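A.B. asks: Here are the chains, one letter per residue:
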Amino acid sequence: MAKSDASEGSKDPGLIKLVEEQQVKVPEKKKPRAEQDVSDLLDMKMQKYLRGEAANLEVLQDKKLKTQLAIKEKLYGQSAKAAAKHEQWLMPNEEGFLEAEGFEKTWRITQQSLLNEVDANSSRKAFDMILPELGPYRMKYTSNGRYLLLGGRKGHLGLLDMLSFDIVKEFQVRETVRDVEFLHTEELFSVAQKKYLYIYNRHGTEIHCLKEHGTPLRLQFLDKHFLLASVNTFGQLHYQDVTTGEIVANLRTGLGRTDVMRMNPYNSIIGLGHSSGKLTMWKPTSAKPLITMFCNPGPVTAIGFHSNGHLMATAGMGCRIKLWDIRKFEVLHSYFGHASTLDFSQKGLLAVGDRTHVNVWRDYKGDQRYGRYMTHEMVKGYQVNNLVFRPYEDVLGIGHSMGISSILIPGSGEPNFDSWVANPYETKKQRREKEVHSLLDKLPPETIMLDPKEIGTVKQPRKKEKKSKKEMEEEMEAEVETAKAIKLKKKTKGRNKPSKRAKKKEEEVLKAKRPFVEQRLKEEQPFKKQKMMAEGEAELPVSLQRFARKQAA
Amino acid sequence: MAETKVCEKKRKSLSSAKAAAVESKKKARKFERKARREEKKQRRVHRPGPRLSSSFRKEIGIQSPRDNAESNDDFDDEEERVRGDVFEYEEQVAEEETKKNRRFDPVDNYEYELPDDFEDEDVPSDDEERHLNMLHGITGMPLQAFEGGEKKKVIFSSVQRDVSDGKISIQDLLDPLHGKPGYSDLRKRIDQLEKKPMAVQPPLPKVEREKLERKVAYKHSSKDITKWEPLVKRNREAPTLYFDKDVNLGFSTVGAIASVFEPRTEFEKKMASLTRDPEVMEAHLKDGAKLLELNKLTVEDVKDRQGRLAKMRSLLFRHEMKSKHIKKIKSKTYHRILKKERLKAAVSNVEMDLEAAKEEAKKQEYKRAEERMTLKHKNSSKWAKRILKRGLDVQDEGTRAAISEQLNQHALLTRKMNSMKDSSSSDDDSDDDNDETDSEDVSKLLNKAKEKIVKVLEEKDEITETGVMALPFMQRGLKKKKEAADEEARCALEEYDLSLRQLDDNEEGNVTLKKTSGRKVFGTPGKQAQETNNQNKSDRGNSDSEDDFDNAEHVQSGFEADNVSQELQIQPDSLHDDPRQKSVFKTFDDIVKDPGPKTTFEVAIFASDSWRKMKTEDVVNVNKKKQATAKQALLPDPTPEEEVMYQNSNSDTDEETVEGDFSFNPVPEYELPSQADLVHRAFATDDVEAQFEKDKLDVLNEENPEPEKPVLLPGWGQWTNVQKKNGVPSWMLEEHEMAKKKREEALKKRKDANLRHVIISEKTDKKAEKLLAKSLPFPFTSKEVYEQSIRMPIGPEFNPAISVRALNRPEVIKTAGVIIEPIKFEEVDPNENPDEPKRIIQNKNSSSSKNKRKSSKSKKSSGSKVSKN
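Heads up: the sequence lines are chains A and B, in that order. With full-length UniProt numbering as the guide, the letters of the first sequence map in order to residues 1 to 553. With full-length UniProt numbering as the guide, the letters of the second sequence map in order to residues 1 to 869.
Hints listed in this document are in silico derivations from the structure and should not be mistaken for laboratory results. All figures in this text were calculated on a predicted structure; none of them were measured in a lab. Please note that the accuracy of each hint is not assured.
List of simulated lysine-lysine pairs, DSS-like, C-alpha gap at most 27 Å [what the hints assert, rightly or not]:
| no. | chain 1 | residue 1 | chain 2 | residue 2 |
| --- | --- | --- | --- | --- |
| 1 | A | 469 | B | 328 |
| 2 | B | 741 | A | 74 |
| 3 | B | 748 | A | 64 |
| 4 | A | 459 | B | 195 |
| 5 | B | 741 | A | 467 |
| 6 | B | 227 | A | 64 |
| 7 | A | 63 | A | 74 |
| 8 | B | 227 | A | 288 |
| 9 | A | 470 | B | 748 |
| 10 | A | 504 | A | 491 |
| 11 | A | 522 | B | 767 |
| 12 | B | 223 | A | 459 |
| 13 | B | 751 | A | 467 |
| 14 | A | 63 | B | 223 |
| 15 | B | 814 | A | 224 |
| 16 | A | 169 | A | 428 |
| 17 | A | 500 | A | 489 |
| 18 | B | 767 | A | 288 |
| 19 | B | 741 | A | 470 |
| 20 | A | 489 | A | 513 |
| 21 | A | 529 | B | 709 |
With beta-carbon atoms standing in for the labels, derived distance ranges [claimed, not checked]:
| no. | chain 1 | residue 1 | chain 2 | residue 2 | range |
| --- | --- | --- | --- | --- | --- |
| 22 | A | 205 | B | 681 | 33 to 43 Å |
| 23 | A | 205 | B | 673 | 35 to 45 Å |
| 24 | B | 727 | A | 520 | 45 to 55 Å |
From the structure, some residues in chain B lie toward chain A, with a derived Cβ separation under 10 Å [unchecked claim]:
| no. | residue |
| --- | --- |
| 25 | 351 |
| 26 | 352 |
| 27 | 355 |
| 28 | 356 |
| 29 | 777 |
| 30 | 788 |
| 31 | 806 |
By construction, the Cβ of each residue, glycine as well, lies at the ideal position given by its N, Cα and C atoms.
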């Protein structure tokens, strides 16, 4: 699913470039210009685009296939090289992290000092919006990072254009609002309200009221599948296709009420955190959870998924924040602390929100060992409700009890956007075009699976479903019945004697039974043999074992 | 014999100038003869081997000198034939000598000897010698110069001498040739011949021979086919085949064609000179006002034109009137005449024009069909019926004639016509039948045609000078037509001449001409030779068998060559076969070895190992511990000691205890327990972990249910007393154990077998199964290779624009309307690296002769390559 980042004309998406100072320094390109390095870099990027290694073609016996595959591999190589070159020369923007010198620590740099250094355009992006009345706010960004949707607990909804800082629409539903979520564009958004799930358009007009979802607590939109997922107070997970309105799946978790729900952007699998310390992963086509993990002794409070699909962060009441490798379901690292909300940025920064503290962790060495990167303290009493990184911007949005805030986190957003994937500057026409395209490219719900790369591969030979003994017996009985029911011909010359007839019938029955008996014998034999072997060895006392006939290996 | 003797005598006379010398020589000769006779007798006794019959010998005796005189080659042939004779003829005793029945008078001396002093009367005098002497005297040149012409005679004489012995050996014939230019070659050949056994096998039966021929032909053709191998291989392996045609027509527009136009004929030139007049062109280029000036016409011109037009108009008018008038004529006789004329014209037209003839034939056919269907002329009309009813005899002459006419018409119409096609084909057939007269017939026909054409050419055309034909353009048109016809006739004439000449040549050179067929025929040329050389056959007794021998040799050599080629051809096949079989086994083995694919989880394990290896001291965070404050308890601590990993064996509780040891944790003095402890305590009652394990067990049991424990049912399976004694029957226990084992194995195979804190659902998603391949797609034999081959997305979203098209090119690209022609042979380098998608552009005019020559080379190279493999 990884799309190539080959983008056409990329504007600076608001990369924060700090002027070098005593304390703070944003690294400029530090690559040595030697040709060797350039080629090395190119090779590295090429490897990325080659998506794995070619198969060993020497093994192939089919000459035709061999040549054809060789040609194909060559084409792949060319394509990867071209893509790597694109990336190198047409995507000049690199994420810039804060870097400390000497005694300086990046997490000591406050937003204030940061804002003094950044350009005016970037400094606009950091703001605080105090909305004390309608209390704790949740927020969401569109996938291109342009629009912000905020929902106050007490029924305040607002749609903001973050490029122009315009309020697109602001209105009150006068109901509890538990969660907000954009659908595929900013044109439509869904709101989990007191009783039902509603869908509004950008003008605040109520488009739908989805009663089947019950009382939703959390919402997630699977944009590639056009599925709106919600988890309600009964712990039911609903998937609804927003294009057809069909409820694709209604899955009962059976683990009680939960308001911890996150979608894995890599494979669109929904993760739910439960009060029993369990984490379950769901897809719409299976009634049972794909994965059930025991994360924490206490209830799970937050989940975050890395966009590369390997990494998951969970936080629990047990004062543990854990990083998981979700390819093998093992804990990579475990940190001490609480978190009410977790979010991974596009570039892999992890935001941890706990009460009034906001911490941003960074994977310094690329080994999934996260360390503190930046911190932000809310004003006393402002409880952090949720944290959302803004896509394609170095901005972290904070929804808290007294409104929303936005802080700068250098290096969090993807600096080069791909307008085929998401364009923060898209026009109305482009949006419409994209809408059509994305609708055409809509994936069916079956494509959601743990490893999406499995699609197209050869199906595993299904385990031969053995019939149980009971079933076998039933079948055999049925066969025997049919055999018995066969009417014998009337024969002459002493062949019609009752004894003969009985014999004949018996034979028929035996014939019907035979295949079943044979099958059973076949199944049992290997075990019996093993057992015999084991017994034979075991029977001899130790002193006599040396005389046992050694079997030729 | 007499002649030779004469020659001898002459020689003798040359050398004997003096009588005494002659005398003495004669005596010597006598002795010589005697000695030779003795020798001859001895030879007869001793020499084994083939001998010529006396009659043959006689013949040779007469003919040999003549043969000698003709050519050396003939002489050799003769020699060989003599040598090659295997059938020995045992000469019987002459009838005279047998003295059977006393039929012949007894004769004492069969070998009559001439008396010593006998001299031939017709021996020429010494004139020649004298003549020579005279020449010598006059010219002063040595005598030998004039004796040149007689050298050959010497040779003959020597040969003759041997012949008189009755047995000619090749040596005898060769000796005189000693020192001649071709001698050594001849010698060698003869030696070879002598060495070889001369027995000739009888020819094979026809079936066998044909079998052999077919075999050889097959080998030959299969060898011929191998040249296609590299070409076919390249096409098979090409990712894309293009079927295009060079659609470059050169000109794209009418204007483009016009711009290249060059005037050729006089008329065109004239036009060009007028239209491309620089003045006019200039005028065109400018505003065109000058054109008006250039457009001036003289009064005479206009008048002339007007007059011409008027004349034309009046002529046309008159023609029109005339035709109208004709149309109005109601006279039947006139129309009949007109019709007849038209018919005549049509017939003549048919004769001239093939197309018209065809049409005519069609028409005829149609008419016939119509007649047969309607039977219009078979007294079916009302009129005819009425007349027949009344009786024909009653009718007058005219009516009867009309009736008979009608019937005639019917017969004429319904008669099956020999259409032109049929007749020609039958002609051909007959021609085929009598081959001998074929050429004569053809020549006759050709001559006839020629005469006709000449007549036509010579014919003066009388153009009617009246009516419309008088119009100048009509006349011109006629003239043109006539010219064209003449041209055609001339062409035809030339053709006829040519073919006639060829026919003559054929007749002459028929003997040398050989038929060549597409498929090579072995062995048959001998027969052909037989046919052609009928005359010579009588002379050359054993030519036939010898030819056969030659042919056999030819065949053999063919075998050898083909064998070589077949070896080359077969080898690759055998090479192919073995590894393929192996591969099949291999794949089976593979399948057996690893029944399931490697899961991603295994990969992940490996990856994680590598990560672990990568762990190093984090320099940035080294001194974190010191700065730890109460607040920092929240913060992540990336140093290795601070973090705890779940090991497979470790339980969560272990981890908790480890956490308790953390030194950096801020432990205020007033707080007794650590954070971890507190947490532990907080959730102590829940025991969620145990709950989870129970859950897992439930799930496992659901998927692999635990077998039921054997329950003792009194009296079930065994008598109760036995049951009491022995407890549960052993077979029940066995069964239970087996089920248990099975379950354990199934559990061990689960992905989450080693992960205590994870349940991975093993249920297969039936809906998602349609997204997977049911079996390996055809050309693939290994799953790995297949899955690697689909790892790259090829869509435009994932690839740069440069490579998208190449990645998505279809297998065959064909422009609409292009006819795919059969494959043409093309020179292909078998070692060529197929980097680029192959492009086949169908070109009609690709030279083949050049390619063929190259192909033989390439074949060799490919063959060698294969054999290396």
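A.B. asks: Run every hint past the structure and note whether it holds.
C.D. replies: Results for each hint:
1. Between the alpha carbons of residue 469 of chain A and residue 328 of chain B the distance comes to roughly 110 Å, so the proposed pair goes past 27 Å and is violated.
2. Simply put, residue 741 of chain B and residue 74 of chain A have alpha-carbon atoms about 51 Å apart, too far for the 27 Å limit, and the pair is violated.
3. Among the hinted pairs, residue 748 of chain B with residue 64 of chain A is inconsistent with the structure: their alpha-carbon atoms are about 42 Å apart, more than 27 Å.
4. At most 27 Å may separate the alpha-carbon atoms for a hinted pair to count; residue 459 of chain A and residue 195 of chain B exceed this at roughly 77 Å.
5. A hinted pair counts as satisfied when its Cα atoms are at most 27 Å apart, and residue 741 of chain B with residue 467 of chain A qualifies at roughly 17 Å.
6. For the proposed pair residue 227 of chain B and residue 64 of chain A, the alpha carbon gap of about 19 Å is at most 27 Å, so the pair holds.
7. Restraint check for residue 63 of chain A and residue 74 of chain A: satisfied, since their Cα atoms lie roughly 16 Å apart, inside the 27 Å limit.
8. At most 27 Å may separate the alpha-carbon atoms for a hinted pair to count; residue 227 of chain B and residue 288 of chain A exceed this at roughly 63 Å.
9. Between residue 470 of chain A and residue 748 of chain B the CA atoms are separated by roughly 25 Å; this keeps the pair inside 27 Å, and the hint holds.
10. Taken as a hint, the residue 504 of chain A and residue 491 of chain A pair is honoured in the structure, with Cα atoms around 12 Å apart against an allowance of 27 Å.
11. Taking the CA atoms of residue 522 of chain A and residue 767 of chain B, the gap is near 34 Å; set against the 27 Å cutoff, the hint is violated.
12. Taking the CA atoms of residue 223 of chain B and residue 459 of chain A, the gap is about 46 Å. The hint is violated against a cut of 27 Å.
13. With a CA separation close to 23 Å, the supplied pair residue 751 of chain B and residue 467 of chain A stays within the 27 Å bound.
14. Taken as a hint, the residue 63 of chain A and residue 223 of chain B pair is honoured in the structure, with Cα atoms around 22 Å apart against an allowance of 27 Å.
15. At most 27 Å may separate the alpha-carbon atoms for a hinted pair to count; residue 814 of chain B and residue 224 of chain A exceed this at roughly 36 Å.
16. Simply put, residue 169 of chain A and residue 428 of chain A have alpha-carbon atoms about 17 Å apart, close enough for the 27 Å limit, and the pair holds.
17. With a C-alpha separation of about 12 Å, the suggested pairing of residue 500 of chain A with residue 489 of chain A holds against the 27 Å cut-off.
18. Between residue 767 of chain B and residue 288 of chain A the alpha-carbon distance is near 14 Å, which keeps this suggested pair within the 27 Å criterion.
19. Distance hint between residue 741 of chain B and residue 470 of chain A is fulfilled; the C-alpha atoms sit about 19 Å from each other, no more than 27 Å.
20. For the suggested pair residue 489 of chain A and residue 513 of chain A, the alpha carbons sit about 22 Å apart, so the restraint of at most 27 Å is met.
21. Simply put, residue 529 of chain A and residue 709 of chain B have alpha-carbon atoms about 23 Å apart, close enough for the 27 Å limit, and the pair holds.
22. A hinted range of 33 to 43 Å for the beta carbons of residue 205 of chain A and residue 681 of chain B is inconsistent with their spacing of about 53 Å.
23. The hint said 35 to 45 Å for the Cβ distance between residue 205 of chain A and residue 673 of chain B, and at roughly 56 Å that hint is violated.
24. Judged by the Cβ atoms, the range 45 to 55 Å given for residue 727 of chain B and residue 520 of chain A is violated: they are separated by roughly 24 Å.
25. Because the smallest distance between the Cβ of residue 351 of chain B and any Cβ of chain A comes to about 63 Å, over 10 Å, the interface hint for this residue is violated.
26. Nearest Cβ of chain A to the Cβ of residue 352 of chain B: about 62 Å, over the 10 Å cut. The hint is violated.
27. Violation of the interface hint for residue 355 of chain B is found here, the shortest Cβ-Cβ separation to chain A being roughly 54 Å, above the 10 Å cut-off.
28. Below 10 Å, beta-carbon pairs count as interface contacts, and residue 356 of chain B has none with chain A, the closest being about 59 Å; its hint is therefore violated.
29. Taken as an interface hint, residue 777 of chain B checks out: its beta carbon lies about 9 Å from the nearest beta carbon of chain A, inside 10 Å.
30. At its closest, the beta carbon of residue 788 of chain B sits 3 Å from a beta carbon of chain A; the interface hint therefore holds under the 10 Å criterion.
31. A hinted interface residue such as residue 806 of chain B counts as satisfied when its beta carbon comes closer than 10 Å to some beta carbon of chain A; here the least separation is about 5 Å, so the hint holds.
Violated hints, listed in ascending order, are 1, 2, 3, 4, 8, 11, 12, 15, 22, 23, 24, 25, 26, 27, 28; each of the other numbered hints is respected by the structure.
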